[in-house]
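Engineer: Given next are the chains, with one letter for each unit.
4 protein chains.
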Amino acid sequence: MLKVAICGASGYAGAELLRILSGHHGVRVVSVTSEKSAGRSPVEIFPHLSKYGDILFEPLEPAALLEKADFFFMALPHKASQPAVALLHREGRKVVDLSADFRIRDRLVYEQWYNTPHEHGDVLKKAVYGLPELHRTKIKMTSLVANPGCYPTGAILGIYPALKSGLASPDGIIVDSKSGTSGAGRQSDTRFSFCEVNEGFKAYSVGVHRHTPEIEQELSLIAKKEVTINFTPHLLPVNRGILTTIYLKTTKKLATESVISIYEKAYRGEPFVRVLGHDELPNISAVKGTNRCDIGLKFDARTGTLIVITAIDNLVKGAAGQAVHNMNLMMGFPEDTALSTLAAFP
Amino acid sequence: MLKVAICGASGYAGAELLRILSGHHGVRVVSVTSEKSAGRSPVEIFPHLSKYGDILFEPLEPAALLEKADFFFMALPHKASQPAVALLHREGRKVVDLSADFRIRDRLVYEQWYNTPHEHGDVLKKAVYGLPELHRTKIKMTSLVANPGCYPTGAILGIYPALKSGLASPDGIIVDSKSGTSGAGRQSDTRFSFCEVNEGFKAYSVGVHRHTPEIEQELSLIAKKEVTINFTPHLLPVNRGILTTIYLKTTKKLATESVISIYEKAYRGEPFVRVLGHDELPNISAVKGTNRCDIGLKFDARTGTLIVITAIDNLVKGAAGQAVHNMNLMMGFPEDTALSTLAAFP
Amino acid sequence: MLKVAICGASGYAGAELLRILSGHHGVRVVSVTSEKSAGRSPVEIFPHLSKYGDILFEPLEPAALLEKADFFFMALPHKASQPAVALLHREGRKVVDLSADFRIRDRLVYEQWYNTPHEHGDVLKKAVYGLPELHRTKIKMTSLVANPGCYPTGAILGIYPALKSGLASPDGIIVDSKSGTSGAGRQSDTRFSFCEVNEGFKAYSVGVHRHTPEIEQELSLIAKKEVTINFTPHLLPVNRGILTTIYLKTTKKLATESVISIYEKAYRGEPFVRVLGHDELPNISAVKGTNRCDIGLKFDARTGTLIVITAIDNLVKGAAGQAVHNMNLMMGFPEDTALSTLAAFP
Amino acid sequence: MLKVAICGASGYAGAELLRILSGHHGVRVVSVTSEKSAGRSPVEIFPHLSKYGDILFEPLEPAALLEKADFFFMALPHKASQPAVALLHREGRKVVDLSADFRIRDRLVYEQWYNTPHEHGDVLKKAVYGLPELHRTKIKMTSLVANPGCYPTGAILGIYPALKSGLASPDGIIVDSKSGTSGAGRQSDTRFSFCEVNEGFKAYSVGVHRHTPEIEQELSLIAKKEVTINFTPHLLPVNRGILTTIYLKTTKKLATESVISIYEKAYRGEPFVRVLGHDELPNISAVKGTNRCDIGLKFDARTGTLIVITAIDNLVKGAAGQAVHNMNLMMGFPEDTALSTLAAFP
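Residue numbers (the numbering used here), protein chains in the order written: chain A, 4 to 349; chain B, 4 to 349; chain C, 4 to 349; chain D, 4 to 349.
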């Protein structure tokens with residue numbers, strides 16, 4: 004049994020890790036940390052975690068944790084994650100970091116968008132960007148995975164086959180995303196109170212959202228040239244789910260069916276990507292609670308635009324589920340261990 | 004034009020007062036106070052209040068306000084309201100107080116349930132409980148109205164005709180209420196964040212909610228004996244509305260139609276009460292944004308129980324709308340001035 | 004591997020059976036029936052059922068089904084279920100019937116409330132009411148289980164310990180229930196369209212809901228006398244979940260802690276009931292997608308009333324989950340097989 | 004008092020017309036038609052329309068209506084509207100048609116996208132497209148207004164100043180819209196049932212939505228060349244509101260403030276358009292129930308893209324409110340008559 008610790012476990016991503024790992028037969032959660040909930044059990048904070056009455060949150064002390072666990076999920080805020088991850092990594096522990104701190108390979112880009120210095124450039128170089136569909140081999144061999152952001156997961160998976168195959172131009176890409184409110188985390192902020200969000204809908208951080216450079220980094224790697232995108236996030240009055248509508252200029256005219264074939268080929272064998280058929284479009288309700296990304300495709304011959312629409316659960320494929328997927332890869336568990344449950348719809 | 008001030012105007016009740024008064028041709032809002040939003044305009048805090056860009060929130064200074072306005076809506080937290088209302092009242096200003104501070108006639112009961120002393124017992128004696136359907140004459144003649152709580156409004160209006168007519172027993176009354184989340188006010192509290200409330204439903208403050216003595220006070224006046232009730236509030240994942248389901252033991256068997264007649268008679272001529280017909284049941288969606296209370300009735304012959312169901316908008320009939328109704332009565336405006344718009348459904 | 008058929012599988016209960024059984028290692032779904040969806044696969048109707056692309060809905064032909072499967076979940080409308088269940092039962096197949104047709108032991112009561120004759124009284128006599136917490140032993144030994152209704156499950160589990168122990172009087176019981184909209188089934192009816200339900204809340208079928216005699220039947224068995232209750236269902240603007248608030252007159256005064264002890268004792272060892280601690284109240288969001296019933300308790304000393312509040316997922320503990328629990332009991336599988344996943348909150 | 008008839012008044016747009024006109028002092032609703040609700044009153048269908056208990060729906064008989072009313076709002080389905088509108092127009096009545104039948108000036112384009120012949124080309128030529136901000140003068144002088152579609156209203160108002168001023172290129176325009184569910188009308192269709200929509204989000208009719216040619220027609224008039232756009236509608240789990248995110252390629256680099264100035268100038272004096280300031284973004288919750296269009300602007304210098312975001316209430320500015328605005332213009336009432344109420348937020 005792999006001994007697992009979850010640091011920063013009192014937020015929604017931490018709670019999802021606990022939920023998912025409760026169904027994983029190869030691991031045991033030996034430690035959960037939270038500064039503000041120290042001394043309480045997960046079930047006190049999250050009544051739905053009924054199996055977690057026997058473990059208590061403790062303050063984060065990396066040195067003490069080192070002795071307790073072999074595998075670490077880090078769900079700390081960015082910046083706070085840097086020193087903790089660096090220590091664990093240097094001591095030879097395996098880590099999946101859910102923060103943004105080790106996602107951006109170019110330290111200067113990180114420092115510019117996150118407005119804070121990166122003080123562990125050596126560790127940053129070792130980190131692998133944990134999108135299994137793109138980097139499975141590297142993930143299997145690393146001891147440090149930077150788990151992707153929620154928006155980047157939906158965006159990159161939607162664009163990858165079109166860009167890789169040369170079907171779409173890397174210029175003028177538009178990514179219009181709509182996220183459920185759990186993406187804002189579990190926080191006490193009037194802006195995310197029920198009455199302010201319910202029956203509302205708005206865009207936010209237009210042109211300045213921090214997931215932009217993360218998407219651009221991966222697209223640039225695929226396109227083998229620098230890619231700059233428009234990224235517009237919106238806040239949906241639902242608990243979970245991200246729907247991302249992507250507009251790509253194509254290099255030639257194609258039938259939608261041909262595009263579907265290209266995507267199916269690119270994702271053949273992938274356990275967590277489903278390419279939908281002609282005239283099928285994804286809905287966030289079909290992926291909630293699951294680690295799956297659904298992709299719908301439509302070539303608009305009138306305008307020469309390929310419209311790609313992806314749906315994920317921001318807390319699962321966009322956070323905790325992908326983190327467990329990465330752990331499965333790093334530890335040699337079957338990939339879908341603890342990740343094969345279906346969505347509870349409606 | 005009556006010069007009106009609204010103190011504590013940056014919450015939802017304050018915003019509703021501004022919305023409603025924007026349609027009142029006899030008044031002008033000359034001052035709005037808010038400590039934390041001082042220096043900003045209502046439209047900055049509430050983008051929907053598009054007509055309020057020219058007035059700025061200012062800190063509450065009762066002495067200065069005295070000179071500016073003739074009529075005061077006080078939407079301060081309980082306890083904070085006591086000295087402000089007392090000062091305004093002693094200086095001869097007309098006041099509708101939306102807090103709980105002047106609703107409970109028995110000072111000891113107030114002190115017990117609100118856990119704070121009442122330091123203005125003399126002013127308390129002058130206050131009239133502002134439920135127009137019960138106390139219209141007194142409201143017209145007073146200069147200080149204690150505006151009823153949201154739950155009490157729906158509960159008392161549902162019970163009044165049955166108790167007054169002797170149809171129902173004053174013993175064993177059960178009031179099961181379900182309120183939209185705006186009833187919790189505009190606040191930054193994780194418990195009222197979107198994700199915690201949405202797709203959830205729960206009871207809270209079972210047996211200990213502070214609106215209990217307020218309901219009991221008015222029912223006791225009607226029954227001419229001390230009435231003790233069960234009151235259970237629940238939190239609904241909607242913005243607005245309170246549905247209250249009331250169980251009354253009847254003193255005799257009656258057809259539902261006869262009960263309807265008794266209620267219709269009791270509320271004849273009331274501009275803001277609608278007694279529904281046989282087999283009609285109220286829905287909060289039909290009263291949202293309005294000052295109306297809808298009442299549905301059903302006599303269950305199997306159990307000898309009269310079930311009364313009322314629906315109000317907690318922010319309008321349960322707060323700001325009733326406050327304006329009280330002002331209309333106190334100032335001699337037609338009762339429905341600024342209160343006659345229909346609900347925007349759906 | 005147990006060969007299982009699901010009849011009437013294109014509704015929400017059927018979809019939940021498919022979801023839950025996809026995680027059951029001891030069974031294989033060999034047939035799904037639906038008249039209107041015949042020829043299509045479950046994943047075409049329900050995109051979230053991604054594992055069900057290889058099986059097709061077929062019209063219900065009981066005789067043909069007899070040869071294919073060993074265990075039958077029947078999710079047909081009431082009345083339609085009668086002949087199909089009777090045939091399967093007479094041919095020696097094991098059946099869990101999710102309709103109301105075999106729940107009411109008194110045929111005349113069934114005929115009165117459901118307004119249709121019961122033509123299989125002999126089979127009715129063999130059926131066991133499938134609430135495992137009350138009838139586990141009988142369920143293990145029967146080949147025909149009448150799966151309880153959603154409201155009755157939450158109501159009976161909330162009242163059972165108080166009535167059984169003599170703590171509460173069987174007279175004057177009030178059951179005030181609030182159900183998510185999936186309780187109405189998957190149907191095209193303007194009354195259940197999004198705009199009519201969202202931001203609304205109402206009671207319905209006051210005093211005449213068909214689950215009333217089902218609750219009364221079980222309570223009468225517990226109390227060993229005829230029990231008549233008030234039952235008021237309400238429609239919640241959420242997908243799933245039933246919260247039931249129950250008012251019981253007690254025979255003596257007790258501390259809430261003592262009541263909790265009585266309930267804990269009554270449900271000791273039950274895998275799917277959780278009695279909450281003092282000052283804890285259930286929320287439907289903590290049980291969604293699970294087979295658990297959460298119970299909160301409060302003795303109101305002011306009125307001598309015990310308030311019991313239960314939360315279940317109407318589609319799981321209130322339908323498909325309880326059906327699988329019953330199958331597990333009938334077939335000797337561990338009780339929680341396929342039923343141990345936690346809620347995905349938020 | 005202007006005598007007004009509403010044909011097809013039992014849908015959501017009809018109900019909104021009744022709501023809005025109840026506050027219009029210059030008109031009297033003398034007739035409401037509905038085939039399926041004939042003989043019932045509006046308040047029976049829509050309990051919130053409490054002032055409409057005295058009038059009954061009647062079947063549509065244009066010839067009889069001619070005698071009763073002077074002004075007609077037509078809220079019939081497309082195709083059905085053609086002959087009725089044509090008759091009323093030929094008989095000299097004033098008409099605002101809320102259907103799509105008289106919006107598309109090019110009959111062939113209409114026939115292609117709506118897949119039905121247009122049999123009243125002569126009347127079509129007389130119709131004015133009723134977007135007051137673009138066609139106020141013509142609207143004042145016509146007797147037949149084709150009221151714009153909901154999506155086109157939000158899209159055109161967002162693009163108009165940028166295109167008119169030459170700031171944006173007419174090529175490569177992307178319109179990504181998200182609409183509340185009332186946009187689908189009041190209908191019994193499983194796809195729009197509460198459980199299917201709630202907690203879900205999806206795109207639909209990608210590349211083929213019928214509002215596309217309507218948007219293109221007006222943009223082409225502004226640009227004085229043929230404009231082809233990408234238009235992607237999405238279904239939001241809210242009752243009301245459309246948020247439209249528009250991506251425009253600019254012809255030069257500009258500060259966001261300069262763009263704001265251009266928009267403010269273009270809409271100076273418009274009673275129902277609000278251009279938001281720098282760093283302000285619209286939210287559908289601020290316009291619900293109102294006839295206002297809020298516009299937010301952001302120039303993304305990284306990509307040379309102008310992002311315009313507009314928010315309207317699809318049932319008001321997108322349907323009934325704009326229809327009343329058009330009536331006010333046609334009849335010489337002050338423009339904002341019955342249209343000046345603020346949103347009831349939250």
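Do not take every clue at face value.
Remember, identical chains collapse to one label, so a pair may be satisfied in a single copy or spanning two.
Stated by the list, open to error - Straight-line C-alpha distance at most 20 angstroms; calculated EDC-like pairs for lysine to aspartate or glutamate:
#: 1; residue 1: Lys205; residue 2: Glu283
#: 2; residue 1: Lys129; residue 2: Glu94
#: 3; residue 1: Lys252; residue 2: Asp174
#: 4; residue 1: Lys54; residue 2: Glu273
#: 5; residue 1: Lys167; residue 2: Glu94
#: 6; residue 1: Lys255; residue 2: Asp303
#: 7; residue 1: Lys6; residue 2: Asp125
#: 8; residue 1: Lys205; residue 2: Asp303
#: 9; residue 1: Lys54; residue 2: Glu267
#: 10; residue 1: Lys205; residue 2: Glu122
#: 11; residue 1: Lys205; residue 2: Glu47
#: 12; residue 1: Lys6; residue 2: Glu114
The set of hints was computed from the structure by calculation and includes no laboratory data.
Engineer: Take the hints in turn and mark each one as holding or not.
Structural biologist: Each hint, compared with the structure:
no., hint, in the structure
1, Lys205 / Glu283, "between (26 angstroms within a copy, 11 angstroms between copies)"
2, Lys129 / Glu94, "within (14 angstroms within a copy, 66 angstroms between copies)"
3, Lys252 / Asp174, "both (8 angstroms within a copy, 13 angstroms between copies)"
4, Lys54 / Glu273, "between (31 angstroms within a copy, 14 angstroms between copies)"
5, Lys167 / Glu94, "neither (37 angstroms within a copy, 59 angstroms between copies)"
6, Lys255 / Asp303, "within (12 angstroms within a copy, 28 angstroms between copies)"
7, Lys6 / Asp125, "neither (27 angstroms within a copy, 57 angstroms between copies)"
8, Lys205 / Asp303, "between (26 angstroms within a copy, 18 angstroms between copies)"
9, Lys54 / Glu267, "between (39 angstroms within a copy, 17 angstroms between copies)"
10, Lys205 / Glu122, "neither (36 angstroms within a copy, 41 angstroms between copies)"
11, Lys205 / Glu47, "between (33 angstroms within a copy, 16 angstroms between copies)"
12, Lys6 / Glu114, "neither (34 angstroms within a copy, 54 angstroms between copies)"
Of the numbered hints listed earlier, those contradicted by the structure are 5, 7, 10 and 12.
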